[in-house]
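Novice: What follows is the residue order along each chain.
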Amino acid sequence: MVCESWKAKLDTYLDGELPEQEMRTFDAHVRGCPSCSADALVRVQMKRTIQTAGKRFTPSAEFRRRIQQKIASKPQRRFYPAWMFVTAAAAVFVVAALTSTYLANRSTRNLAYREHVFSEIADLHVATLASSSPVDVISTDRHTVKPWFQGKIPFAFNLPELQNSEFSLVGGSMAYLDQTPGAHLIYDVRKHHISVFVFQERSLNSPASVGDNSISPKNLPFNTTTWSHGGLRYFVIGDASPPDIEHLAKLFKDSS
Amino acid sequence: MGNEPATESFEQLAMPHFERLYNFACWLSQDRNEAEDLVQETYVKALRGFSSFQPGTNFRAWIYKILRNTFLTSRTGLQATATVPLDLESGEESLPATHETPESILLQRSDGQLVQRALEQLPVFQREVLLLCEVEEMSYQEISATLDIPIGTVMSRLSRARKALRDGLRPQV
Numbered sequence: 001m002v003c004e005s006w007k008a009k010l011d012t013y014l015d016g017e018l019p020e021q022e023m024r025t026f027d028a029h030v031r032g033c034p035s036c037s038a039d040a041l042v043r044v045q046m047k048r049t050i051q052t053a054g055k056r057f058t059p060s061a062e063f064r065r066r067i068q069q070k071i072a073s074k075p076q077r078r079f080y081p082a083w084m085f086v087t088a089a090a091a092v093f094v095v096a097a098l099t100s101t102y103l104a105n106r107s108t109r110n111l112a113y114r115e116h117v118f119s120e121i122a123d124l125h126v127a128t129l130a131s132s133s134p135v136d137v138i139s140t141d142r143h144t145v146k147p148w149f150q151g152k153i154p155f156a157f158n159l160p161e162l163q164n165s166e167f168s169l170v171g172g173s174m175a176y177l178d179q180t181p182g183a184h185l186i187y188d189v190r191k192h193h194i195s196v197f198v199f200q201e202r203s204l205n206s207p208a209s210v211g212d213n214s215i216s217p218k219n220l221p222f223n224t225t226t227w228s229h230g231g232l233r234y235f236v237i238g239d240a241s242p243p244d245i246e247h248l249a250k251l252f253k254d255s256s
Numbered sequence: 257m258g259n260e261p262a263t264e265s266f267e268q269l270a271m272p273h274f275e276r277l278y279n280f281a282c283w284l285s286q287d288r289n290e291a292e293d294l295v296q297e298t299y300v301k302a303l304r305g306f307s308s309f310q311p312g313t314n315f316r317a318w319i320y321k322i323l324r325n326t327f328l329t330s331r332t333g334l335q336a337t338a339t340v341p342l343d344l345e346s347g348e349e350s351l352p353a354t355h356e357t358p359e360s361i362l363l364q365r366s367d368g369q370l371v372q373r374a375l376e377q378l379p380v381f382q383r384e385v386l387l388l389c390e391v392e393e394m395s396y397q398e399i400s401a402t403l404d405i406p407i408g409t410v411m412s413r414l415s416r417a418r419k420a421l422r423d424g425l426r427p428q429v
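Just so you know, the sequences run in chain order A and B. For the first sequence, position 221 matches number 221 in my numbering, and the numbering has no gaps at all. For the second sequence, position 100 matches number 356 in my numbering, and the numbering has no gaps at all.
Since the hints were made in silico from the structure, they are not lab data. Please note: incorrect hints may appear among the correct ones.
[Said to hold, decoys possible] Simulated crosslink set (SDA-like; lysine to any residue; CA at most 25 Å straight-line): (1) Lys70(A) with Gly424(B); (2) Lys9(A) with Gly424(B); (3) Lys321(B) with Lys146(A); (4) Lys321(B) with Gly231(A); (5) Lys9(A) with Ser307(B); (6) Lys47(A) with Gln397(B); (7) Lys301(B) with Lys146(A); (8) Lys55(A) with Gln369(B); (9) Lys70(A) with Ser307(B); (10) Lys9(A) with Trp318(B); (11) Lys191(A) with Gly424(B); (12) Lys55(A) with Ser307(B); (13) Lys70(A) with Gly231(A); (14) Lys146(A) with Gly424(B); (15) Lys47(A) with Ser400(B); (16) Lys419(B) with Lys146(A); (17) Lys152(A) with Asp367(B).
[Unchecked claim] With beta-carbon atoms standing in for the labels, derived distance ranges: (18) Asp239(A) with Gln310(B): 33 to 41 Å; (19) Gln397(B) with Ser228(A): 26 to 34 Å; (20) Gly151(A) with Gln377(B): 18 to 26 Å.
Where is the CB? At the ideal position from N, CA and C, for every residue including glycine.
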C-alpha cells in the first residue's frame with residue numbers, strides 16, 4: 001500500500017522535522033488521505049497527552065529559593081535567612097570601612113587575600129610585558145579591542161575614549177585570577193606600560209577585602225589602584241606615576 | 257553608558273529552566289529527593305563551568321546535558337542504565353507501528369495517569385528521549401546535542417519509545 005511509506009515518516013512529520021519541501025508534500029497528502037489523516041489525528045492526540053502527562057512534577061517554593069540562593073549574585077542573598085549572618089558581617093565591615101579606611105587592613109585574612117590578589121595582578125602585568133606577544137588583539141582602536149572579548153569572557157565592559165589624553169591603547173588579552181577569566185588591557189603613557197585588568201567581582205574569592213583604594217600592598221614595586229563598579233572589579237597597575245595611574249582609572253570610571 | 261555587565265546572565269539564563277529541569281530530573285530518577293539533589297548539583301556544576309559555555313550556543317541543551325550526565329553517573333542512574341541494554345541501536349531504520357487499529361484509536365481517550373504509568377515503565381533511554389521531544393518540545397538537533405547521539409539515533413530511539421509506550425498502554429485500554 002502506498003501509504004506505508006508515508007506512515008513510516010508520520011511521526012517525523014508531526015514533529016515538524018521533515019525538510020521543508022517534504023513537509024509541504026506531506027501536508028497535501030494527509031489532507032487528501034483519510035487513512036493517514038486519521039492516523040495523524042491519533043498521534044497528535046497522543047503527543048498532547050504525553051505533553052500534559054509529562055509535566056507532572058513541580059518543585060517546591062522552598063527548593064527554588066535554595067537554588068536561587070546558590071546561584072544568585074550578592075544583592076539577592078540578603079533575602080535568605082541562611083545568609084543573614086554573612087550579610088550582617090558585610091554590613092559591619094562597610095560601616096567599619098567608612099569609619100577608617102585602614103580598618104579593613106586589621107583583618108589579617110583580608111590583608112593576606114588583598115596581598116595575594118595584588119601580587120597575582122603584578123605577576124600578570126610583569127609576565128605579560130616580558131612576553132614576546134604581550135597582547136592577543138593588537139589595536140589602538142577600542143572598537144576593535146572590546147568586541148574581541150565577546151564570547152571569551154562572561155561579561156561586558158566599556159573602554160574609555162582616549163582622545164585628548166596622553167594614553168594610547170596597545171591591545172588586550174585574556175587573563176585569569178582565582179581561576180576565572182577576565183580582560184587584560186595594556187596602555188602606554190610616555191613609554192610606560194600600564195595594565196588594566198577587569199574581572200567579575202563575584203568570581204573573586206573575597207572581593208570585599210580587596211577594597212577600593214590606591215594604597216599598594218607592601219613590597220609591591222608598582223603603583224596601583226583598584227575599584228569596583230557594576231559588579232566588575234578593576235585593577236590598574238604599572239610603573240607610571242600615581243597621577244597617571246589615577247588618571248587612567250578616572251577615564252575608565254567615567255566610561256562605565 | 258548603559259553597559260550592563262553579564263554578571264546576572266547565568267541566573268537569567270538558568271532560572272527559566274528550573275521547573276522543567278526539576279520535572280525532567282524527577283522523571284529520570286523517579287524520586288523527588290534525588291531529583292532535588294540532581295538539580296542542585298546541575299546548577300552548581302553549570303555555574304562553575306559557565307565560563308566554558310559558549311554564548312550563542314544552545315544553553316538549554318547544555319544544562320540538560322549536565323543534568324543528564326549527573327544522573328547517569330549517580331547510583332540510581334548507573335542502576336537504571338545497567339539493567340537496560342542500549343537496545344538494538346544499530347538499526348537506524350526502525351519502522352513505527354504500521355497500522356493504527358481501532359484499538360489504538362482508543363488511546364486518545366487514555367487519561368494522563370495511564371500515560372504517566374506507561375512512561376514510568378519505559379527504559380530510561382526511551383523515557384528521556386520522549387520527554388525531551390514531547391514535553392520539552394526540543395528539536396531533533398537539540399535532543400542530539402543534549403544526549404550526545406547522532407540525529408539518526410534520536411529518530412530511531414524516539415520511534416522505539418513511541419512504540420513501547422503504545423504497547424504499554426494497550427493492555428490497560
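Novice: Run every hint past the structure and note whether it holds.
Specialist: Evaluated hints:
Between lysine 70(A) and glycine 424(B) the alpha-carbon distance is near 40 Å, which puts this suggested pair outside the 25 Å criterion. Among the hinted pairs, lysine 9(A) with glycine 424(B) is consistent with the structure: their alpha-carbon atoms are about 22 Å apart, no more than 25 Å. Pair hint lysine 321(B) plus lysine 146(A) does not hold up; C-alpha atoms about 31 Å apart against a cutoff of 25 Å. A distance of roughly 29 Å separates the Cα atoms of lysine 321(B) and glycine 231(A); the hinted pair therefore is violated under the 25 Å criterion.
Only pairs whose Cα atoms come within 25 Å are accepted, and lysine 9(A) paired with serine 307(B) is rejected, the gap being roughly 40 Å. A threshold of 25 Å between alpha carbons decides the hint, and for lysine 47(A) with glutamine 397(B) the separation of about 19 Å falls inside it, so the pair holds. Among the hinted pairs, lysine 301(B) with lysine 146(A) is inconsistent with the structure: their alpha-carbon atoms are about 29 Å apart, more than 25 Å. Among the hinted pairs, lysine 55(A) with glutamine 369(B) is consistent with the structure: their alpha-carbon atoms are about 12 Å apart, no more than 25 Å.
For the hint pairing lysine 70(A) with serine 307(B), the CA-to-CA distance comes to about 17 Å; that is within 25 Å, so the pair holds. About 29 Å separates the Cα atoms of lysine 9(A) and tryptophan 318(B), which puts this hinted pair outside 25 Å; it is violated. As the CA atoms of lysine 191(A) and glycine 424(B) are separated by approximately 77 Å, the hinted pair breaks the 25 Å bound. The suggested pairing of lysine 55(A) with serine 307(B) is violated, with an alpha-carbon distance near 31 Å, which exceeds 25 Å.
The hinted pair formed by lysine 70(A) and glycine 231(A) meets the criterion: a straight-line CA distance of about 17 Å does not exceed 25 Å. Restraint check for lysine 146(A) and glycine 424(B): the C-alpha separation of about 57 Å exceeds 25 Å, so the hint is violated. Using a Cα cut-off of 25 Å, the hinted pair lysine 47(A) and serine 400(B) holds, with the two alpha carbons roughly 20 Å apart. Distance hint between lysine 419(B) and lysine 146(A) is unfulfilled; the C-alpha atoms sit about 53 Å from each other, more than 25 Å.
Distance hint between lysine 152(A) and aspartate 367(B) is unfulfilled; the C-alpha atoms sit about 49 Å from each other, more than 25 Å. Checking the proposed 33 to 41 Å range against aspartate 239(A) and glutamine 310(B) shows it holds: the Cβ atoms sit about 37 Å from each other. The beta-carbon spacing between glutamine 397(B) and serine 228(A), approximately 41 Å, falls outside the hinted interval of 26 to 34 Å. Distance hint check: the CB atoms of glycine 151(A) and glutamine 377(B) are about 44 Å apart, inconsistent with the given range 18 to 26 Å.
Violated hints, listed in ascending order, are 1, 3, 4, 5, 7, 10, 11, 12, 14, 16, 17, 19, 20; each of the other numbered hints is respected by the structure.
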